[in-house]
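Trainee: Each chain, letter by letter, is given below.
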Amino acid sequence: MATSPTPASPVAAPAAPKRAEDYDASSIDVLEGIEHVRARPAMYIGDVYERGLHHLVYEVVDNSVDEALAGFSKRIDVTIHSDGSLTVLDDGRGIPVDMHPKVNKPTVEVCLSMIGAGGKFQKGAYQVSGGLHGVGVSCVNALSEWLEAEVYRGGKSYQIRFARGKTTKALEETGATTRRGTKITFKPDAEIFKQTQEFKLQTLAKRLRELAYLNAGLHITLRDERGEGRTEEYLFPNGIVDFVNELSATENTLLAKPIYFVERIESAESGGVVEVEVAIQYNDTYSDTVVTYANNIATIEGGTHLSGFRSALTTTLNGWLKENEKNKKDEERPSGDDYREGLVSVISVKIPQPQFEGQTKTKLGNSDVGGIVQTAVGNYLRAWVDQNPVETKKIIHKAMEARRARLAAKQAKDLARKTKDVLRGGGIAKLKDAESNDPRECELYLVEGDSAGGTASEARDPRTQAILPLRGKILNVWKATHDKMLSHSEIATMIQAIGTGILDEFDMAKLQFHKIVIMCDADVDGSHIRTLILTFFFRQMPDLIREGKVYVAQPPLYKVTYRTRRKGKGADEPAAEGEDEAAGEGEDEAAEGPATVKRAKGGKVEEYITNDAEFERKMLAQGLQGARVELRAPGAPARVLEGEAVGKLVDLLAELDRLAREVETKGVEFGKYLARRRASDGLLPYAKVFFPKTKKAPAVYTDADVDQVVHEARNDGLRVWFATDPLSEREGADVEVTRFHNKDRVEQILRDLEGLGVSLALLARPSRKDDQDGQLSVEDALIVVRRDKEAEPASSLRDVPAAVRTVGQRGIKVQRYKGLGEMDADELWETTMDPSKRTLLKVALDDMTEANRIFNILMGTKVEPRRDYIEAHSGDVSNLDA
Amino acid sequence: MSERDAAPWTCPTCARAAPREGKAFPFCSPRCRLIDLGRWAGGDYKVSRALEPDDLEEAARDGLPVEGLERFGPFDPEP
Chain A
1 MATSPTPASP VAAPAAPKRA EDYDASSIDV LEGIEHVRAR PAMYIGDVYE RGLHHLVYEV
61 VDNSVDEALA GFSKRIDVTI HSDGSLTVLD DGRGIPVDMH PKVNKPTVEV CLSMIGAGGK
121 FQKGAYQVSG GLHGVGVSCV NALSEWLEAE VYRGGKSYQI RFARGKTTKA LEETGATTRR
181 GTKITFKPDA EIFKQTQEFK LQTLAKRLRE LAYLNAGLHI TLRDERGEGR TEEYLFPNGI
241 VDFVNELSAT ENTLLAKPIY FVERIESAES GGVVEVEVAI QYNDTYSDTV VTYANNIATI
301 EGGTHLSGFR SALTTTLNGW LKENEKNKKD EERPSGDDYR EGLVSVISVK IPQPQFEGQT
361 KTKLGNSDVG GIVQTAVGNY LRAWVDQNPV ETKKIIHKAM EARRARLAAK QAKDLARKTK
421 DVLRGGGIAK LKDAESNDPR ECELYLVEGD SAGGTASEAR DPRTQAILPL RGKILNVWKA
481 THDKMLSHSE IATMIQAIGT GILDEFDMAK LQFHKIVIMC DADVDGSHIR TLILTFFFRQ
541 MPDLIREGKV YVAQPPLYKV TYRTRRKGKG ADEPAAEGED EAAGEGEDEA AEGPATVKRA
601 KGGKVEEYIT NDAEFERKML AQGLQGARVE LRAPGAPARV LEGEAVGKLV DLLAELDRLA
661 REVETKGVEF GKYLARRRAS DGLLPYAKVF FPKTKKAPAV YTDADVDQVV HEARNDGLRV
721 WFATDPLSER EGADVEVTRF HNKDRVEQIL RDLEGLGVSL ALLARPSRKD DQDGQLSVED
781 ALIVVRRDKE AEPASSLRDV PAAVRTVGQR GIKVQRYKGL GEMDADELWE TTMDPSKRTL
841 LKVALDDMTE ANRIFNILMG TKVEPRRDYI EAHSGDVSNL DA
Chain B
1 MSERDAAPWT CPTCARAAPR EGKAFPFCSP RCRLIDLGRW AGGDYKVSRA LEPDDLEEAA
61 RDGLPVEGLE RFGPFDPEP
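Residue numbers (our numbering), protein chains in the order written: chain A, 1 to 882; chain B, 1 to 79.
Don't read these hints as lab results, they were simulated from the structure.
You can take every hint at face value.
Partner residues are not named here, just some residues of chain B that face chain A (Cβ under 10 Å, in silico):
id: 1; residue: Arg16
id: 2; residue: Pro30
id: 3; residue: Arg31
id: 4; residue: Arg33
id: 5; residue: Leu34
id: 6; residue: Ile35
id: 7; residue: Gly38
id: 8; residue: Ala41
id: 9; residue: Lys46
id: 10; residue: Ala59
id: 11; residue: Arg61
We put the CB at the ideal spot given by N, CA and C, even for glycine.
Could you build all of it, start to finish, from the sequences and the hints given here?
Mentor: What follows is the structure in C-alpha cells.
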C-alpha cells in the first residue's frame with residue numbers, strides 16, 4: 001500500500017478548516033420540539049425498534065465524525081456500558097459552552113435540547129456533514145431516559161445532564177483538564193424503545209468499521225463492557241483503498257494495487273465543493289461489489305454518483321479499446337454490464353447539500369453529482385489507462401470474456417426454450433422414430449452422415465430402434481478445411497429426441513430412449529465426431545452417462561471372407577483357439593454380445609472384425625497355424641522353428657518390440673542399445689549416462705555403476721540431471737541420467753531367444769540403404785516364414801510377427817471398410833445393430849474424463865499436443881473409444 | 001486411473017476447481033454450464049483438418065454441406 005496514492009485524509013488534511021474559535025454560539029439556530037420528537041419518534045429516527053435504537057448511536061457518532069471531517073478530531077471511542085447506556089467520546093473542539101445570543105442558554109444546552117439546533121443546520125460550521133437525516137443529537141436526548149454531556153474545551157471541563165430531553169442539571173464547570181473534545185453518555189428510553197433497548201455489538205461494529213474505512217486515518221475504538229467485555233479498534237490509514245482490499249481479500253485480484261483517486265469539484269447546485277473519492281479493483285469472480293456512500297451514508301439504492309461512475313468506466317475503457325484495437329467493431333465491444341463482472345469498487349462522495357431519495361432514503365438524488373463523478377472518474381481513469389496498458393488490457397480481456405459468456409448464455413437459454421416440451425410424437429425433424437412408446441425398450445441411434453442414416457433406417461428394427469442422422473461435418477472449400485462439428489439444429493434435434501430437456505429443466509424421468517447408441521465410421525473423422533457427441537453428453541447430460549444410458553456401436557472395420565474346405569474340419573477357417581483368445585482380450589467388461597460377427601454363406605464364411613488390433617491378432621493366429629520360421633544366420637547352419645516354438649518366438653518378439661519402443665523414447669536406438677550388451681554376462685546397460693558437453697556416454701551395467709559415475713561427477717563439481725526426478729532441471733546439466741526400467745525383462749527375452757537357438761544378430765535391422773535396394777527375395781533373405789506353399793521373407797527378427805500375419809492372410813479375402821456407408825442394410829443390421837449379435841460399449845463416467853481431455857486437445861486449446869495426438873492416433877480408432 | 005481420479009477436476013469453461021460431487025459437475029457452476037451450452041449452440045466446438053480430395057467425393061455422395069463453393073462456381077466432383 002506504500003506506493004498507493006495518498007488517500008484523502010480529512011483528519012490530516014482538512015479542507016480549509018475554520019479556526020476553532022469560529023464555532024460558537026452565533027452559528028446555531030434554535031428550533032423547538034422535544035415533545036414532537038417523543039410523540040412521533042419514527043419521523044426522526046425511522047422506527048422505534050432495533051434499527052431506530054442503533055440510529056441514536058449513529059447520530060452521536062456522526063457529530064464526532066463531522067469534527068474529524070473538518071479536521072479537528074482523530075479519535076472516536078464508543079463504549080457500551082453494562083447498564084444499557086452508551087458513551088461516545090471524541091477529541092474534537094468540544095461543543096461551545098458560551099451563552100447562545102438568542103435564547104440566553106449555553107450553546108451546548110441548545111444543541112442538545114432544542115430540536116433542529118446544531119452546527120450542521122448552517123453551512124458555516126461544517127462544509128460537509130454526515131448524519132442520516134441531520135436530526136441532530138437533540139433527538140437522541142429527547143429519546144433517552146437520561147443523557148449526560150461532558151465538554152473539554154479551553155482547558156476546562158464542563159458537565160450537563162438531561163432526562164428525556166429536559167435539563168436536570170445545568171451546565172457547570174467541573175475542573176481543569178488538558179483534554180479536548182466532547183463526551184456524550186445516554187441511556188435509551190424504554191418508554192420509547194419498548195421492544196428492545198439492547199445495543200448489538202455486531203451492528204455497531206459494522207457501521208463503525210465502515211466509518212473508519214470512509215475516513216482515512218480516523219481511529220475508532222469500540223468497547224463492550226457487558227459480559228466478558230470486548231474491544232475492537234478500527235484504523236485504516238489508506239481509507240477506501242483498504243476497504244477495496246478487504247472486499248476482495250478472498251479473491252484473486254487482477255490489478256497489482258487498486259486504482260485510487262480523490263478529486264474536489266465546485267458545484268453551485270450542490271452548494272459548494274463536492275468531493276469524489278473512488279477506489280477500483282478487479283477480481284476473477286463474475287459478480288460485482290460496488291459500494292457507494294454519500295456523506296458517509298451507505299447509498300444502498302445507488303443514485304447519481306453510481307450512474308456517473310458506471311458511465312465513465314465503460315466510456316473510458318471502450319474509448320481505449322477503440323483507439324488501441326481498431327479492428328474491433330462497435331458491437332464487439334463489452335457493454336457496461338461486461339465491465340462490471342469482477343469489479344470491486346468503493347465510491348464515496350461528500351456533498352454540502354445531499355438529497356436522499358427512494359424508499360429508504362438511501363438513493364442519492366443530486367442530479368449534478370452524476371456529471372461531477374463522471375467527469376472526475378473519466379479524467380483520472382483516462383490518465384490511468386494510458387499509463388497502465390498492461391493492466392488495462394487485463395480488465396478489457398476480462399470484460400471481453402464476460403461479453404462472450406453473456407452471448408453464449410443467451411444462446412443457451414434460447415436453445416433450452418426451443419427444445420422444451422417438444423414431444424416425440426410431434427414429428428422431430430429428421431428423426432426416424434420407433435413405433436414403441438415404452439422408453440425402456442427403445443433405442444436411439446445417432447448415426448454419422450445422412451447416407452449411413454438412410455442405410456440404418458432401412459436396417460433397423462422399426463419397433464424399438466429410432467435413427468437420428470447427424471452430419472457432423474462441414475467442408476469449407478474456401479478455407480480448405482474439413483470441420484467436424486454439431487450444428488445448432490443438430491444439437492436442438494438431439495435434445496428434443498432424447499426428451500429430457502436441458503439445464504435446470506433436465507429430467508431423467510422424461511428420457512425417451514433407454515439406450516442412446518452413437519454409431520460413427522471406424523475412422524479418424526468418425527472418432528472425432530464420436531468424441532464431440534460424447535463430450536456433449538458428458539458436459540450437458542452427465543446423468544445419461546452416470547446411469548449408463550449411452551453406448552458406442554462397434555461397426556466392423558474389416559470383413560474377412562474365406563472358403564470352408566471340408567465340413568467338420570474347416571482347416572482353412574481361422575484358428576478357433578486364437579479367435580477365442582482375441583475375443584476375450586478385446587472385450588470390454590461393459591460390452592454385450594460377441595466381439596465378432598460371423599456368417600456362413602454358400603461355402604464361404606464371412607467374418608467382421610471391429611478394430612485393427614483384433615484384425616492383427618486374428619491374422620497372426622491364422623498364420624501361426626502351421627507356420628515354420630527358417631533362420632539362416634551368417635556363418636551358422638540354418639535353423640527351422642516349428643509348432644510351439646514359432647508361437648513362443650512371436651510372443652517374445654512382440655513383447656521385445658514394445659520394450660524396444662520404450663527404449664527408443666529415451667532417445668536411444670534399440671540396435672545400438674543391444675550392441676552394448678556385455679558379452680561376458682549378457683547384461684544390458686542399466687541407464688543412459690550422457691555428458692552433453694563432452695558427448696561422452698560411459699557404459700553402466702548396474703545400479704552401482706551409476707552411483708559411481710554420479711559420485712565422481714559430483715566430486716568434480718558437475719550437476720546431474722535424473723530423468724525420473726521431476727524436480728531436477730535438465731537445462732544446463734553436466735550429466736544426464738536416464739534409466740532403462742525394463743532392462744531385466746529385455747535381458748530375459750534375449751536369453752529366451754538364445755534358448756530357442758535364435759541368433760541375436762538377426763535382431764539388427766538392415767540400414768535404410770539396403771532397404772532401398774528393392775524387394776527382399778525369399779532366396780536371399782536370412783529369415784523366411786513359410787506356411788503351406790506360402791513364403792514371406794523378413795530382414796530382421798523384429799519383422800517376423802508381421803511376416804507371420806502376412807502368410808496367415810494369404811487366401812483370405814480382406815475388405816477394409818472406410819465407413820458405414822460401404823455396408824448395405826443387411827450387413828449393418830447383422831454386424832452392428834442386431835441386438836442379438838452386435839457389440840455395444842457402455843460409456844462410463846470414468847471414461848469420460850479421458851474423453852473430455854481428448855476433446856480439449858482436439859479443440860486446439862494447445863496447438864502442439866493436438867498435432868502430436870493426431871499423428872499418434874490417426875487410424876487408431878479404438879483409443880478414442882470409451 | 002487412480003492418480004487421475006485423485007487429481008482435482010477443473011471446470012471446462014473457467015478452469016477453476018469443480019468438485020466431482022457438485023451439482024453442476026463437470027462444471028464449477030450452473031453459469032459455466034450455461035456458457036458451455038451456448039458454445040455448443042453457437043457451433044464454437046469444431047475439429048478442423050485440411051481438406052483432402054476424398055472429402056469432396058464424400059460430400060457429393062453424402063450431400064454434406066459445403067461452404068465457400070460460391071466463390072468457385074458450380075461444384076462438379078467428376079471433372
